[in-house]
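Protein chains in written order, with UniProt numbering: chain A, 1 to 302; chain B, 1 to 302; chain C, 1 to 302; chain D, 1 to 302; chain E, 1 to 302.
Bear in mind the hints are in silico, worked out from the structure with no lab data behind them.
Hints may contain errors.
It does not matter which identical chain is used: a pair holds within one copy or between any two.
Unchecked claim - Heads up, simulated PhoX-like pairs for lysine-lysine below, C-alpha to C-alpha not over 20 Å straight-line:
(1) K35 with K177
(2) K4 with K298
(3) K293 with K138
(4) K264 with K15
(5) K150 with K293
(6) K264 with K167
(7) K5 with K298
(8) K201 with K4
(9) K106 with K167
(10) K138 with K177
(11) K298 with K15
(12) K264 with K4
(13) K6 with K298
(14) K289 with K177
(15) K150 with K289
(16) K252 with K4
(17) K167 with K177
(18) K15 with K4
(19) K282 with K150
(20) K5 with K201
The model shown is predicted, which means the values in this text are computed figures rather than measured ones.
These are the residues of each chain, in order.
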Amino acid sequence: MLLKKKIPISYVFGKVKYEISFVLIYATLIGVWDKYFHTINIHIPLSVPMILGTVLSLLLAFKSNQAYDRWWEARIVWGAIVNDSRTLTRQILNFMADPYVSVNVKNFQDRFVNRQIAWCYSLGQSLRNQIPTQQLDKYLEPHEMEFISKHDNVPNALLQLHARDLKNILEEGQINKIQQLALDETLTRLCDSMGKCERIKNTVFPATYSLYIHFSLFVFILLLPFALLETFGLFQVPMIATIALSFFLIEKMAIHLQDPFENKPTDTPMTTITLTIERNLKQMVNDNKIPEKVPADKFYVL
Amino acid sequence: MLLKKKIPISYVFGKVKYEISFVLIYATLIGVWDKYFHTINIHIPLSVPMILGTVLSLLLAFKSNQAYDRWWEARIVWGAIVNDSRTLTRQILNFMADPYVSVNVKNFQDRFVNRQIAWCYSLGQSLRNQIPTQQLDKYLEPHEMEFISKHDNVPNALLQLHARDLKNILEEGQINKIQQLALDETLTRLCDSMGKCERIKNTVFPATYSLYIHFSLFVFILLLPFALLETFGLFQVPMIATIALSFFLIEKMAIHLQDPFENKPTDTPMTTITLTIERNLKQMVNDNKIPEKVPADKFYVL
Amino acid sequence: MLLKKKIPISYVFGKVKYEISFVLIYATLIGVWDKYFHTINIHIPLSVPMILGTVLSLLLAFKSNQAYDRWWEARIVWGAIVNDSRTLTRQILNFMADPYVSVNVKNFQDRFVNRQIAWCYSLGQSLRNQIPTQQLDKYLEPHEMEFISKHDNVPNALLQLHARDLKNILEEGQINKIQQLALDETLTRLCDSMGKCERIKNTVFPATYSLYIHFSLFVFILLLPFALLETFGLFQVPMIATIALSFFLIEKMAIHLQDPFENKPTDTPMTTITLTIERNLKQMVNDNKIPEKVPADKFYVL
Amino acid sequence: MLLKKKIPISYVFGKVKYEISFVLIYATLIGVWDKYFHTINIHIPLSVPMILGTVLSLLLAFKSNQAYDRWWEARIVWGAIVNDSRTLTRQILNFMADPYVSVNVKNFQDRFVNRQIAWCYSLGQSLRNQIPTQQLDKYLEPHEMEFISKHDNVPNALLQLHARDLKNILEEGQINKIQQLALDETLTRLCDSMGKCERIKNTVFPATYSLYIHFSLFVFILLLPFALLETFGLFQVPMIATIALSFFLIEKMAIHLQDPFENKPTDTPMTTITLTIERNLKQMVNDNKIPEKVPADKFYVL
Amino acid sequence: MLLKKKIPISYVFGKVKYEISFVLIYATLIGVWDKYFHTINIHIPLSVPMILGTVLSLLLAFKSNQAYDRWWEARIVWGAIVNDSRTLTRQILNFMADPYVSVNVKNFQDRFVNRQIAWCYSLGQSLRNQIPTQQLDKYLEPHEMEFISKHDNVPNALLQLHARDLKNILEEGQINKIQQLALDETLTRLCDSMGKCERIKNTVFPATYSLYIHFSLFVFILLLPFALLETFGLFQVPMIATIALSFFLIEKMAIHLQDPFENKPTDTPMTTITLTIERNLKQMVNDNKIPEKVPADKFYVL
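Same shape as in the complex, but just chain A (with noise of 0.2 Å):
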């Protein structure tokens, strides 16, 4: 996620530098071209590209518009899981029984509390392409980084190693079969959100829609000289920069909303997110390793 302050300007204009170089360099050509050897004859009327204008503003708009949505219902998604995690360490704490405060309830309950941070932490990990039992062990016993590590789909796999402890408890008459509903019904929860990632991360935004407003919007541009060349001269390169720039920066920003999942700046930020699950958790089962919170040094978080 991309932070108010601090975005360096190499970074704004470093994602169109190819296509705006380009556009100057086709722009200074015909300009040169026109004042020197005046043998350009084509002039076509502003009205003209102003009608491409119109349409490229609305479908980049509605390509906005739908970046957006993806990039919104990601963080919703995000969000969704820190709530659910919260939900269920509170319902790990407060509905087992334990006549005496043992050891072993204890004991149980951190364990949980541990793999649901795993949870977190493996499936922000999977969805960036990294691997995703990387640095797992500090929060999974070694019989459990051995089962996950047979899965495909590894933050699923913890989900059924919750399933199974919450089985097991129910038996030893720890939860009663209300309690296993609620609990089964937030882990359901947890397996929605988690197939919400992977359909954001694995849906193509529509190809050729994608295709069509750049090849659109180029031949917008390259017929921008000859519309201005008998009014400005030489002075329409600035001019047509200017505005390839706005469509230019409009549409990376909408290529780099869809995809919320890439390991980039504007990405949801799913590290600083689990790392407040984390702490969250952490305090809540009485654990003193509690990570610190990173610096937002950089303009941006992960």
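Please build the complex by placing chains B, C, D and E on the supplied structure of chain A, with the hints as guidance.
Frame of chain A, contents of chains B, C, D and E only:
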């Protein structure tokens, strides 16, 4: 689903080849007629087609929006099918009381999970108007194949078999009443997803609306040469072709997006999603015969 | 619901014949008057109607959007009715304890499922202002027919009969308390769907808004000839007719979409959907008298 | 809610009579001044107000959209109140164990259902800033009237009485624990609907936004005469009045839609809806004193 | 939340005073330079800034839309907090078995309800970056104050205390297992609302997008004088100021709406809402110390 890379140009332009040929011939005829016979006196000010162009842009933006929403809803529904298949498997594995890990229970669970995989395949096949029972004998028992062969709606019949199994294990005491409720709710969600797919499949996008947009688009194209003829002469032909191409491509894209279950490259990738479900579910039940991932060697996945 | 094919031209243009006739006569009169009497001195620059045209386009786009949303919501609600009818049947078939497959239980289930089919028919008929009890005697018992005849709201009365039956089988011990909850939740969802249909049926789209759009559209059409007269002379008549046609068609389409329960070709196809429900439900209870699919021999289905 | 027919012209134009009078006087003054004194030299090209006009159109479209959403949400909430009132009645009638159809149970049910009707009336009245307890003595017992008289929020107090009754019949064994859960969930949904109405009632639409649109609209109207004066002379007066009328009417409509609980003709028809609820509920409990439908003899229903 | 009346002009224009001053000086400088030195030869046709103006209008409309959605979602979440606080109180009052209306139960209920009020205050204060425990000692017991002082996330800690209390009364047999489920679901909804507020608070609106709109707006303003100079001379200054004012005001409004928890006049009125909750809840438990409504004597409520 179209993939980001490798979309052949022939695919993109093949969609509109008749329309574009017609526009090229039409614009050329008028241009040639005007150049050599000078008998065309109708010159329309550019602002007349511009009014139509603005209306058309808004209508196409609106239609693209609704088409995108249908396509995205279809994808959301299949995402929910992934989630609920995993949830159903997690529940059937971790709800059943099983004092000694018995062969019976394991067999029951395997059969149940295989039936869920069959449900996904049969839903995808019936949405694509293929034989819904095709290849299901890999996952179902003969008596189940016989049962579903009597039903029009195969996925619905499979849900009924699921429910009958749940009734049996409830009566045998292997799940409790509350667990039956939780499992039945998962079946209800699968039933809802199935119905939502059928709704998208069977609901024709308002037909007069599509008709009208097509009609306005042709009026717009037919007027355009008369507006550009005076300024551009024969050079109007490529310009009109370019503008027409933009509009036709958007219209086609909307038409493809709005029907996502037609066995076309723009479909919701139901086969791929079902394969993912099969792999996930079989790993959850420790099945060894996990099918290979299919490599994406085309420009789309089905 | 209009089908994709076979929509007769007369249907499309019949909707706006009065409006278009008026526009043709009006534009011709002005054109002729101007040509032969030369006394019309009012020539409006085209940009004045263009301002109105832009506003109108936005208003029509907005209205189409809301109308489409109502139409789509109506379809979604009927999709939910399909799903919940199947769910109710699945539950009633697989919840009831039935140590020996008894005739009594089978009879009860058949009667219950037939009543659900009757519910769908009566809801559709009452939304279309038809006699809601028409043809229900095929599905209901005489004492049920008598009960519902005392109620204004027939579908609501049928839900009450459902609920009464559930109370009876709970008291007889054929379902347990949790299953009653699950069945009651399905009834609640059906009750919600019914209420949503009534809401769409009974809520008039903001009337001043429709009035205002109609008024602006006429002002726009009345101004248009004065803007085109100078350039086109009598050739303005077909152009104005074409532009007016576009706007009137969109307006009509929105009006039709926004009221989807009026027994018109653009209706939500409630009869067809109910027939599908009947076929599905009867197959689920092994009923032999399954009604035939009705062939779509018109350009619409009801 | 305005009905489709019979909206008097005076109602439509009465909303904007001050604005339109001002515009007429202003435009006439400028026109006359220009005609007889020829001292106005400011002639603005039409494209300057057109920029403002485009922005204004978009802002008004956006505002209409949000206002419509508030109005539609208010209607959806009241639709949900209809549904949940029916559901509550169905549940209270069919959950209560009643070995012999006793007078006590029947009395309890009647009192409960009457209280639900009272809840609907009191909610509607308090949203319209009327006395919330008005006419409730027809439906409530004296001790209930006394209880609610001590509360600011009368509908909330009635829900509490509902909940207390449920507690009593649970303790008396007339409903079981699961049924209390189902009934309590219905109460929770009613509580949510009440809160949603209060949210819409109490949330001011962003005030700076309304202010700004009003301000831009006036700037636009004030500029318009200078743009049209040169071409039209005094004929500009009716044209400006027409254009201003369009914009003012949309603005007013949005203002009315966004506050649907103000005892105005554009309100959500809460009184009519509550009457429908009363009729439905009384038929469900076999009450004979069913109130008559009120004929719609005005151009609106409240 | 800004109220409808009494918004001081200084508040409205104070938001954009630097921007407008800059525009006034810039436009005046160019106007004066042109009038007295006649050395400015750049005259841009008005349609060039119009292209930018159309794109800008669409972008601002899109941004206003997203900002409004964030603001409205924040209000919806706080509306849900009102509803769930009432529901929680209704449940805790009417679920607890209490054969003789005992002092213990009454004390427990009072403490529970006070803690819920404290939860609302602490959530509001922590969202506004104030000390979250401020003034909570009025509602909490000393040992509760001590417990929450150890937590970063105070509202989350309070929910945990709620859950612990529920566990205790379940073990003491004052509520049954099903009622614990219902109460736990209410806690889960409160936990969700809390997480949604944190999501809105912590998610920066796509920063490049805001940057880019700001940049385009400045380019548009910088070009405008050159387009209007020729026609208007120095009279362009007020016109440009007016147009710039419109755009800057919308931009500012969007920026304020999108961050509704910043202790500014445009905030979601969390303090006022919490006061309403406090009054409602205390009346429900018959508490006498009901705080007074705070009169709205400013142009906003917090």
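Hints, one by one, checked against the model:
When the C-alpha separation of K35 and K177 is checked against a cutoff of 20 Å, the pair qualifies neither within a copy, at 85 Å, nor between copies, at 86 Å. In this assembly of identical chains, the alpha carbons of K4 and K298 lie at most 20 Å apart only when taken from the same copy (11 Å versus 31 Å across copies). Only within a single protomer do K293 and K138 lie at most 20 Å apart by alpha-carbon distance; the minimum there is 18 Å, versus 31 Å between protomers. In this assembly of identical chains, K264 and K15 lie within 20 Å of each other by CA distance solely inside one copy; the values are 12 Å within and 34 Å between copies.
Taking the shortest Cα distances, K150 and K293 sit within 20 Å of each other only across copies (16 Å), while inside one copy they are farther apart (33 Å). In this assembly of identical chains, the alpha carbons of K264 and K167 never lie at most 20 Å apart, being 40 Å within a copy and 44 Å across copies at closest. For the homomeric pair K5 and K298, the shortest alpha-carbon distance inside one copy (9 Å) is at most 20 Å, but the shortest distance between copies (32 Å) is not. For the homomeric pair K201 and K4, the shortest alpha-carbon distance between copies (13 Å) is at most 20 Å, but the shortest distance inside one copy (25 Å) is not.
For the identical chains of this complex, K106 and K167 are neighbours both inside a copy (17 Å) and across copies (16 Å), given an alpha-carbon limit of 20 Å. Taking the shortest alpha-carbon separations for K138 and K177, neither the intra-copy value of 32 Å nor the inter-copy value of 36 Å comes in at or below 20 Å. Taking the shortest Cα distances, K298 and K15 sit within 20 Å of each other inside one copy (18 Å), while across copies they are farther apart (29 Å). Taking the closest pair of Cα atoms, K264 and K4 come within 20 Å of each other both inside a single copy (16 Å) and across two copies (18 Å).
Within a single copy, K6 and K298 get their C-alpha atoms as close as 8 Å, which meets the 20 Å cut-off; across copies the closest is 36 Å, which misses it. In this assembly of identical chains, the alpha carbons of K289 and K177 never lie at most 20 Å apart, being 33 Å within a copy and 35 Å across copies at closest. Only between protomers do K150 and K289 lie at most 20 Å apart by alpha-carbon distance; the minimum there is 14 Å, versus 30 Å within a single protomer. When the C-alpha separation of K252 and K4 is checked against a cutoff of 20 Å, the pair qualifies both within a copy, at 18 Å, and between copies, at 15 Å.
Within a single copy, K167 and K177 get their C-alpha atoms as close as 10 Å, and across copies as close as 15 Å, so both meet the 20 Å cut-off. Taking identical chains as interchangeable, the C-alpha atoms of K15 and K4 lie at most 20 Å apart whether they share a chain (18 Å) or sit on different chains (19 Å). Taking the shortest Cα distances, K282 and K150 sit within 20 Å of each other only across copies (12 Å), while inside one copy they are farther apart (28 Å). Proximity of K5 to K201 under the C-alpha cut-off of 20 Å is restricted to the inter-copy arrangement: shortest distance 16 Å between copies versus 28 Å within a copy.
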